[in-house]
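Trainee: Next come the chains, spelled out residue by residue.
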Amino acid sequence: MSGNIQLLNDTLAQARAEGRSALIAYVPAGFPTVDGGIEAVKAVLESGADVVEVGLPHSDPVFDGPVIQTADDIALRGGLKIADVMRTVREAHAATGKPILVMTYWNPVDRYGVERFAVELAEAGGAGCILPDLPVQESATWREHAEKQGLATVFVVAPSNKDERLKEITAAGSGFVYAASLMGVTGTRASVGEAAAALVQRTRAATELPVCVGIGVSNGEQAAEVAGFADGVIVGSAFVKALLDAPDEAAGLAAIRTLTAELAKGVRGNV
Amino acid sequence: MSSEFFIPDPEGQVPSAEGYFGAFGGKFIPEALVAAVDEVAVEYEKAKADPAFVAEFEDRLVNYSGRPSALTEVPRFAEHAGGGRIFLKREDLNHTGSHKINNVLGQALLTKRMGKPRVIAETGAGQHGVATATACALFGLECTVYMGEIDTERQALNVARMRMLGAEVIPVKSGSRTLKDAINEAFRDWVANVDRTHYIFGTAAGPHPFPAMVRDFHRVIGVEARRQILERAGRLPDAAIACVGGGSNALGLFHGFLPDSGVRLIGCEAAGHGVESGEHAASLSAGEPGILHGSRSYLLQDEEGQITEPYSISAGLDYPGIGPEHAYLRDIGRAEYRAVTDDAAMQAFRLLSRTEGIIPAIESAHALAGALEVGRELGKDSLLVVNLSGRGDKDMDTAARYFELYDAAEGESK
Ligand SMILES: Cc1ncc(COP(=O)(O)O)c(C=O)c1O
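Chains as they are written, first to last, in my numbering: chain A, 3 to 273; chain B, 1481 to 1894.
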């Protein structure tokens, strides 16, 4: 067992011990380039993110909004390969010592080979995987290999999940639970909504795992609000948008450092 | 009619409770959609056991859509196919001009049953979109149709029809801007609006229960065709032939003959510029197993699981996947699949127009091209049933360009 699930668990426990939420950032690999993506992951980890989810782009990101789709398109047109995603994880983890997960759709993993993917991710120092279109009842093979390699399997739960289903999902998961704040695809939202707090409460009743909230959060104020009820705050599209909007790579990195710092304050309740 | 369209398969077990046809199918969807998809499955099971639902479905098929559709013998066309007999199942004569209305009427009634006021749909050729817009007008449902930008151009007539019927048509600009991207966008809409929206999926693919449900609503095609061919020809055909995009019209036809082991079931995929050219949509002939749009089946994909862009002159077949039951039927050796190029389909398109006065949809022309091949292979004693899944009005612009009809000075075209 070489994967970094323990590091992920410890990191989230540490945040909890500090009486705050963890900040989890989503950064796509290969965007705008492989090296640029690695710099972006390092930048957010150095400026206050506790955990990063590295996105492995997919040609058909059915559950992502236009911002992440755009980044995925750019990365794939640039010729991104799974080996580049593994390198992103390896170099960013080596440079920062922080936990890094991969978030992607099921087909790339299935096609690459479930065992091969798990082994390579663990070797790269990865901490786990989030596979939003792999439902728990189809996940046995993945979980077997993930467990063997010391990788977390983070499941997504949604406001529409009944309590019974929440129990079933969280019982199969490890690392943390990704609670989708609302019904919808990824993207920034003006407000995160009350559905999130209610879902976190129901999820807590089902599991001891930390419950982290994603989808819609884009600024320090929202991060503080979510930190009021969740163990972690997940931010994705806001980082991608900051990179997309920047005139060049250096400006993009500066923008995401600033955003990370603001969000890191937010999860500590300072806005 | 009776409720014969919902009789379970003779084998009785496909799909399994989890939606598997052998190794294919399943339900690969995010949690946000699990409750909605499960609701569809539960409601569909109840509906098909409810005589009132079945009666209303059948009433609409007869009195609104005009079923049963004719079975037309095409002897002048068959002369070019080895001289045997060919009968066309005339789904082009249904209201709205294709088989798509069968499934749409079933799912629209299900939408009403679930109490949802809004419907979304994807469309490639526009036939499923037109059928959905039609049913929404009929039942007073809000309707939004997603359509790849390229398809809105090559099927402009159908865009106008949908808008005339009161539907909102949203051109999709992402990815290959064709059918697969329209499905992606429809799923995104569904995740966000699932409380009040049903997704009327247009082919026998997607997450369970869609592959089985869509097939069942089209089973009427095969049930009628079997009865009609026995009446007309006095025997079962040697083969039942249909085009396959996602696979709904083909499964509808095939299921009428599934227990008749002497009837070959032949699906015709789009080979575009030729399978070896790399520009095609032949998922079974040239794809590999994988997951797209909620189920496991054959896909056009690269070695890292990224979906590759399909190509076909026919918008309705221009899709990188195929319904899971087709993958299963091929695996168990019950059905066989061929790839038909753009050129072969267009030759068959013109041939049927000129020999029989029937202009087919370009999708259906792929089945006709398959029938020309199979007929020549089997010779003059052969008897074929071909599903004419739709009519060609929507394709006149594409055909006019292909045959240079706009430039033809007088009389003969190319
Ligand atoms: C006339 C016609 N035939 C066939 C198809 C292909 O769909 P399927 O394979 O589901 O029958 C379409 C799809 O748009 C169509 O319009």
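No wet-lab data here; the hints were simulated from the structure. For glycine and all other residues, C-beta sits at the position ideal for the given N, C-alpha and C. Accuracy of the hints is not assured; some may be wrong.
Claimed, not checked - The calculated label-pair distances, taken between Cβ atoms and stated as ranges, are:
| # | chain 1 | residue 1 | chain 2 | residue 2 | range |
| --- | --- | --- | --- | --- | --- |
| 1 | A | Q203 | B | D1873 | 53 to 59 Å |
| 2 | B | L1637 | A | R79 | 54 to 60 Å |
| 3 | A | K150 | B | V1522 | 35 to 41 Å |
| 4 | B | G1595 | A | D165 | 22 to 28 Å |
| 5 | B | R1712 | A | D165 | 40 to 46 Å |
| 6 | B | A1532 | A | Q203 | 39 to 45 Å |
| 7 | B | E1519 | A | N272 | 42 to 48 Å |
| 8 | A | T143 | B | R1814 | 44 to 50 Å |
| 9 | B | E1519 | A | A85 | 24 to 30 Å |
| 10 | B | H1753 | A | R18 | 43 to 49 Å |
| 11 | A | Q139 | B | R1814 | 46 to 52 Å |
| 12 | A | D37 | B | S1741 | 55 to 61 Å |
| 13 | B | G1620 | A | Q139 | 49 to 55 Å |
To be verified - Partial selection, computed: residues in chain A whose CB lies under 10 Å from chain B:
| # | residue |
| --- | --- |
| 14 | Y114 |
| 15 | E117 |
| 16 | V121 |
| 17 | T143 |
| 18 | H147 |
| 19 | A160 |
| 20 | K164 |
| 21 | F231 |
| 22 | L246 |
| 23 | L255 |
Trainee: Now look at each hint and say whether the structure bears it out.
Mentor: The hints, checked one at a time:
1. One distance hint, 53 to 59 Å for the beta-carbon pair A:Q203 and B:D1873, holds here, with the actual separation near 56 Å.
2. Distance hint check for B:L1637 and A:R79: the Cβ-Cβ separation is about 33 Å, which falls outside the suggested range of 54 to 60 Å.
3. With their beta carbons about 37 Å apart, A:K150 and B:V1522 fall inside the hinted range of 35 to 41 Å.
4. Remark: the range hint 22 to 28 Å for B:G1595 to A:D165 is upheld by a beta-carbon distance near 23 Å.
5. Checked against the hint of 40 to 46 Å, the C-beta distance between B:R1712 and A:D165 comes to roughly 58 Å, which is inconsistent with it.
6. Between B:A1532 and A:Q203, the C-beta spacing of about 41 Å keeps the proposed range 39 to 45 Å intact.
7. The given range of 42 to 48 Å is respected by B:E1519 and A:N272, whose C-beta atoms sit roughly 43 Å from each other.
8. Between A:T143 and B:R1814, the C-beta spacing of about 28 Å breaks the proposed range 44 to 50 Å.
9. For B:E1519 and A:A85, the hinted distance range of 24 to 30 Å is not satisfied, since their beta carbons lie about 41 Å from each other.
10. Between B:H1753 and A:R18 the Cβ separation comes to about 59 Å, which falls outside the hinted range of 43 to 49 Å.
11. For the pair A:Q139 and B:R1814, the supplied restraint of 46 to 52 Å is violated, since their beta-carbon distance comes to about 28 Å.
12. Range check, A:D37 to B:S1741: Cβ separation about 60 Å, and the 55 to 61 Å hint holds.
13. Restraint check, B:G1620 to A:Q139: a C-beta distance of roughly 37 Å breaks the suggested window 49 to 55 Å.
14. Taking 10 Å as the C-beta cut-off, the interface hint given for A:Y114 holds, the closest approach to chain B being about 6 Å.
15. Of the supplied interface hints, the one on A:E117 is violated, with its beta-carbon coming no nearer than about 15 Å to a beta-carbon of chain B, more than 10 Å.
16. Interface restraint check: A:V121 against chain B, minimum CB-CB distance 16 Å, threshold 10 Å, status violated.
17. A distance limit of 10 Å between C-beta atoms decides the matter here; for A:T143 the minimum to chain B is near 13 Å, and the interface restraint is violated.
18. The beta carbon of A:H147 is not positioned within 10 Å of any beta carbon in chain B (closest approach about 16 Å), and the interface hint is therefore violated.
19. Hint on A:A160 holds. Least Cβ distance to chain B is approximately 4 Å, under the 10 Å limit.
20. With a least beta-carbon distance of about 7 Å to chain B, the hint placing A:K164 at the interface is held under the 10 Å criterion.
21. Taken as an interface hint, A:F231 does not check out: its beta carbon lies about 20 Å from the nearest beta carbon of chain B, beyond 10 Å.
22. Because the closest C-beta pair between A:L246 and chain B is about 15 Å apart, greater than 10 Å, the hint is violated.
23. A least Cβ separation of about 27 Å between A:L255 and chain B goes past the 10 Å threshold, and the interface hint is therefore violated.
Violated hints for the displayed structure, listed by number in ascending order: 2, 5, 8, 9, 10, 11, 13, 15, 16, 17, 18, 21, 22 and 23.
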